[in-house]
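**Student:** Each chain is listed here by its residues.
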Amino acid sequence: MPVRPWRRAALVPCWIEAMEDKYGNLRLKLLASMLSFSLVPLFIVGLSLYHQFDRAYTTKVQENLRALVEDRRHALDLFFEERISQLYTVAHTHSFDALCSPTTLEHVFDLMQRRSKYYVDIGVIDQKGDHVAYAGPYALKGVNYRDAEWFQSVLLHGIYVSDVFLGVRQYPHFIIAVLRREGDRYWILRATINTDLFESMVKAAQAGEYGDAFLVNEKNLLQTSSRFVGRPMEVPPIPAQPRFNGSRVMSLDIGQRTMLVGAVWLRNVPWMLVVMEDPQEEFLPVLQTRSLALILLAAGVAVVVLGAVFVVNLMIGQLQEADRQKALLDADLMQTSKMAALGRLAAGIAHEINNPLAVIQEKAGWIQDLLEEEDVQKSENFKEFEAAVTKIQQHVDRARTVTHRLLGFARRMEPVQHPVNMNKLVEETLTFLENEARHRNIEITKELQDNLPDVLSDGAQIQQVLLNVVNNAIDAVEKDGRVHIKTSYDKDLHHVLVEISDTGPGIPSDVLDKIFDPFFTTKKLGSGTGLGLSICHSIMTKLGGRIEARNGPQGGAVFVLAIPLQHQASVG
Amino acid sequence: MDGPPYRVLVVDDEADFLETLVRRLERRQVEAVGVPGGREALAALAERPFDVVVLDVRMPGMDGLDVLKAIKTRWPLVEVILLTGHASVESGLQGMQLGAFDYVMKPCKLTDLLPKIELAYERKCLREKASR
Numbered sequence: 041m042p043v044r045p046w047r048r049a050a051l052v053p054c055w056i057e058a059m060e061d062k063y064g065n066l067r068l069k070l071l072a073s074m075l076s077f078s079l080v081p082l083f084i085v086g087l088s089l090y091h092q093f094d095r096a097y098t099t100k101v102q103e104n105l106r107a108l109v110e111d112r113r114h115a116l117d118l119f120f121e122e123r124i125s126q127l128y129t130v131a132h133t134h135s136f137d138a139l140c141s142p143t144t145l146e147h148v149f150d151l152m153q154r155r156s157k158y159y160v161d162i163g164v165i166d167q168k169g170d171h172v173a174y175a176g177p178y179a180l181k182g183v184n185y186r187d188a189e190w191f192q193s194v195l196l197h198g199i200y201v202s203d204v205f206l207g208v209r210q211y212p213h214f215i216i217a218v219l220r221r222e223g224d225r226y227w228i229l230r231a232t233i234n235t236d237l238f239e240s241m242v243k244a245a246q247a248g249e250y251g252d253a254f255l256v257n258e259k260n261l262l263q264t265s266s267r268f269v270g271r272p273m274e275v276p277p278i279p280a281q282p283r284f285n286g287s288r289v290m291s292l293d294i295g296q297r298t299m300l301v302g303a304v305w306l307r308n309v310p311w312m313l314v315v316m317e318d319p320q321e322e323f324l325p326v327l328q329t330r331s332l333a334l335i336l337l338a339a340g341v342a343v344v345v346l347g348a349v350f351v352v353n354l355m356i357g358q359l360q361e362a363d364r365q366k367a368l369l370d371a372d373l374m375q376t377s378k379m380a381a382l383g384r385l386a387a388g389i390a391h392e393i394n395n396p397l398a399v400i401q402e403k404a405g406w407i408q409d410l411l412e413e414e415d416v417q418k419s420e421n422f423k424e425f426e427a428a429v430t431k432i433q434q435h436v437d438r439a440r441t442v443t444h445r446l447l448g449f450a451r452r453m454e455p456v457q458h459p460v461n462m463n464k465l466v467e468e469t470l471t472f473l474e475n476e477a478r479h480r481n482i483e484i485t486k487e488l489q490d491n492l493p494d495v496l497s498d499g500a501q502i503q504q505v506l507l508n509v510v511n512n513a514i515d516a517v518e519k520d521g522r523v524h525i526k527t528s529y530d531k532d533l534h535h536v537l538v539e540i541s542d543t544g545p546g547i548p549s550d551v552l553d554k555i556f557d558p559f560f561t562t563k564k565l566g567s568g569t570g571l572g573l574s575i576c577h578s579i580m581t582k583l584g585g586r587i588e589a590r591n592g593p594q595g596g597a598v599f600v601l602a603i604p605l606q607h608q609a610s611v612g
Numbered sequence: 013m014d015g016p017p018y019r020v021l022v023v024d025d026e027a028d029f030l031e032t033l034v035r036r037l038e039r040r041q042v043e044a045v046g047v048p049g050g051r052e053a054l055a056a057l058a059e060r061p062f063d064v065v066v067l068d069v070r071m072p073g074m075d076g077l078d079v080l081k082a083i084k085t086r087w088p089l090v091e092v093i094l095l096t097g098h099a100s101v102e103s104g105l106q107g108m109q110l111g112a113f114d115y116v117m118k119p120c121k122l123t124d125l126l127p128k129i130e131l132a133y134e135r136k137c138l139r140e141k142a143s144r
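Same order as they appear, the protein sequences are chains A and B. Numbering-wise, this note's numbering puts 206 at position 166 of the first sequence, and it's gapless, one number per residue. Numbering-wise, this note's numbering puts 14 at position 2 of the second sequence, and it's gapless, one number per residue.
The shape of chain B in the complex, shown without the other chains (with noise of 0.2 Å):
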């Protein structure tokens, strides 16, 4: 997709796939950010813009379901794709129902993933329209 570079938030415990998982979306002309938790999510959040947040469900400290909440509440316009270890279907809809953009499965292809991103960079677009 072409257009101005938008920007993508990743929150995961894990460093490992945080760091994979920045550097191949910025590879793919994605700017992304990684933080390792909740709070440091929220604080930069506060600190800059972000079209995309891409959150890991469970995590030490802050839990997945309750950054989606606050992020929710404080910018509701931002989309979020949850990743979930578990494949149980009721996080999932409940974060749905939190107003979760969708979510995806680890162990996941970026070629599944980045997709979904886009679509959710689009739909806050429409929505950006919409609320002016």
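Next up, chain A with everything else stripped away, as it sits in the complex (with noise of 0.2 Å):
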């Protein structure tokens, strides 16, 4: 007798384990499909739709930005065109002589004075440079300018603009200079101008919180005081831009913000009109939008995702589902066609050994037949021999025993309905695994209820379940321990019941009830096919009966097998 294996070493569902793993694989696999055919056509719309509202929009921002740009430099080249031309007209409305007065040029300075606030001084100077006249709050009378240098450009231009300056008052302020010839003399009329009371004509184009206006002249130098990129006279964080036609809007990075700058040059003056914006600001209905749709997007996904996750779980519960019929249709298969091989196999040894047995059951016939005639009766050793020939006689009667027990066994046809006796079932199946409990020190008893009544039922069928469930029983016993059968007979449901108890380690009941799923076992990878109690469970179906299992009040495992007297279901 080899030495069987430790077979109760762990306790691994095995089945359970490697088909979750599979169904894992299986649902990412769908998931991930799911998702991304559904997502990436979500994303692309959502994307293009706010790519092409943004362009849009950036457009007309733009746009607006330069009509500004426009409007404001016709608005200061309209107010340099009427200083320029009011001056214009003083110089040439009155002679060198008449402006000379002091009285005169202060009436002059008054009138001009009268309408608009716009100039801080005006003065005459004669052809030498010296400053002959003088109406305003300085006294810059006498003063020479022939080294200047704006003298020489009004000599050379017949009017003269200047660049923003300090000068001695230190306020930014500038100057308008028009050329008056008079016969073979001229002289020059000259306004000064502060820039703080046109600034406002700039500011005007300045919006929101961080928006900027200013304007700079051709060595690119602040002439006036912006709000945020420096005071007048000093040089603006944008680069410098040659003389050009027409306006320009650009993207320029100033300080730790990109502003979107329009710029226009002047027609009367070299100064260039810059209006900077904010794009946070100007674009705040487009990140609003963006904003919606970011969550309009986030719900679509949701949605997407609950609705794949939903659908997967749906169809792997179904895959499971119908790999679980499967496995059972196989698994009875299988058995069907194991058990018809393991017929086949029985039925020929038995046939084999029937033959042999024969001979030695008519050879030992014949010596008892001899052992009647007298002279041998007269052989001291008669008793000897006849003692031997019975004990042969009775040793064939054994092995006949077994070998129509096995092809008993191996009789395994459609299900038929004979009425068996549960107790001499219970008898004819513990002789298969006597020996096995013996070499194990298993004790089996037996306490089976007198005057049992027969069921009518496949006996075979019903013996192969109970050969599986004591086996299993021996098994998980190991050694040294006890397997009980009992019988009895339930009037009200008209069952007869078996039950195999054991006192191995029980059932862990988290798994009490999957034993009787298919491919789930309890024995070491390898050494149990997981078959056994999948099987028991759909024969006894089958028979109109069940199979139950639970944990015995002490300890060990409890199989009940309840067999109807009769089943109507198979009945015809």
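Derived from the structure by calculation, the hints contain no laboratory data. You may find that some hints are simply not true.
The list that follows gives simulated cross-link-like pairs (lysine-lysine, DSBU-like), each with its CA atoms no further than 35 Å apart [stated by the list, open to error]:
1) K403(A) - K136(B)
2) K431(A) - K121(B)
3) K418(A) - K121(B)
4) K121(B) - K423(A)
5) K259(A) - K181(A)
One-sided excerpt, in silico: chain B residues whose CB lies under 8 Å from chain A [claimed, not checked]:
6) E26
7) R35
8) A82
9) R86
10) P119
Every residue gets a Cβ at the ideal spot worked out from N, C-alpha and C, and that includes glycine.
Using the hints, put the two chains back together into the complex; each one sits in its own frame.
**Tutor:** Following this line, the structure appears as structure tokens:
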């Protein structure tokens, strides 16, 4: 008798784990493909719509800025035009002599100031550069400008507008000078204008929290004060722009933020108007649209993900159920073919043994016949011969019981209905297992109810179930223990009950409801197919009975087979 | 059972079994002849009449059931008892349908077989009377 491997070493529900793994992978693959097929189009549509809107809005904002810059340029040009015209008119309607008289100049200055407070002072300079007449708050009369750059420029061009300078007053201003030729002599009318007075015209273009508007000259020096980029005469952080026609709109990084910058050169003075806008403010509607789009996208994604998870779970569930059904069917089929093969083998062996047994039986019978003769009976060993032959007969009988049982076991046909005495069936089944139990020092005890009614069922199939369950019980006990088998009759349900209890470790409660699943095994991986109990379950169901498992009050597992006296469904 | 000795033909391919069974039957005042196969059995029957045939089902050459068919066609009054190493109900039932008197599973005790042979002989006598 070979030593059996230790079989209940680990409680590993290996089928469950392997299958969970398989379904997990499938679930991931399905989810990934469903999500990618639904999310990619969603993102493409969302992004392209947003991009389109963004571009349209950017164009609109730029156009607005361009219009604003050109409008302001127009106003400023008009302003300078008016100032130059005013001086030009004064210079050409008064003679040098008339203006040199302080009262006339004061009068003219007063007239000019009456309508607009742009002018700081006004003065007349003769052709030698001497400041011959002056009206204004400062004592500038008598100053000579012959060497000043602007003096030469006026002589050359007739009209001159200076850049902004701080001058002696440390206050930003600029001058406008007009040349008057009177016969063979010429003189210059010069006026000073404070920048702050027209700065408001520039500032009218600035908008928002970070908006800015200012003028720069050809040397890229600020001509008016700006909100953020510096004071007059400072260099603003924008690249110098050589004079160009029309207006420009560009994006520039100023400090920490990207600003939208519109620039245009004035016509009458060499200054450039710069208007800066904060795109953050201008694009607020776009940003709001983006947040809304993001929220909608997130909601869409959530719906898609939830839907995908729901659908995949549904599919996996159905697949699992189908697999379970298939496994049961497969297990049934496998068991059937296994039993058929086993049956053929058993039948072949039994047949081959029966023939020599028949010969032995006949030979022993012959010897017995001969022993009846008179002279043999006188032999002193007659009694020994007779005893030996009787023993041979007895053991042939014993061997015959075994081979006939083998053949009975092999005879597995379609479910048949014969009267089966369960007590007899139990006894017969146990003879198969008694040796095994004895080797492992396991005691098999029986408690068989007298007068047990016969059941009309398939004895061979019930025997198979019984064999399986008792074999499991012996495996569970391993060594030195007891397997107890009890038969009884349930009068109410008309069931014959067979209860098999063991002194093994019992069934862990978390797997108790799984033990009849196909491929569930508590035996070490590779040593059990896990088919036994599921087959038992399907056989018992087919026969109209049931099989149940629980743990006994003193530990150990208890299996109960219930066989109906008569199975209605299988009749006919 | 007293009366005129009846004749039994035993057909089995196992020579040891055949020889011993024949000898034991003879010892019990049964006129028995043993042959090792189906063809020999048919030849023996053609040569002289037998009352009962004890026929092994599984034999090399001619199968027991075929021999049974041949006997029942040519000598319908001869009774046949099948010997089988199989406990297969099918071959037993099949044999009964083909007209065998009974079937016995190997290994069998002579004390079980002999009463069946006697019963078969009785039936043969009854049928002979009826057919007369």
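**Student:** Please go over all the hints and tell whether each is borne out by the structure.
**Tutor:** Comparing the hints with the structure gives:
no. : hint              : in the structure
1   : K403(A) - K136(B) : holds (30 Å)
2   : K431(A) - K121(B) : holds (14 Å)
3   : K418(A) - K121(B) : holds (27 Å)
4   : K121(B) - K423(A) : holds (22 Å)
5   : K259(A) - K181(A) : holds (31 Å)
6   : E26               : holds (6 Å)
7   : R35               : holds (6 Å)
8   : A82               : violated (23 Å)
9   : R86               : violated (28 Å)
10  : P119              : holds (4 Å)
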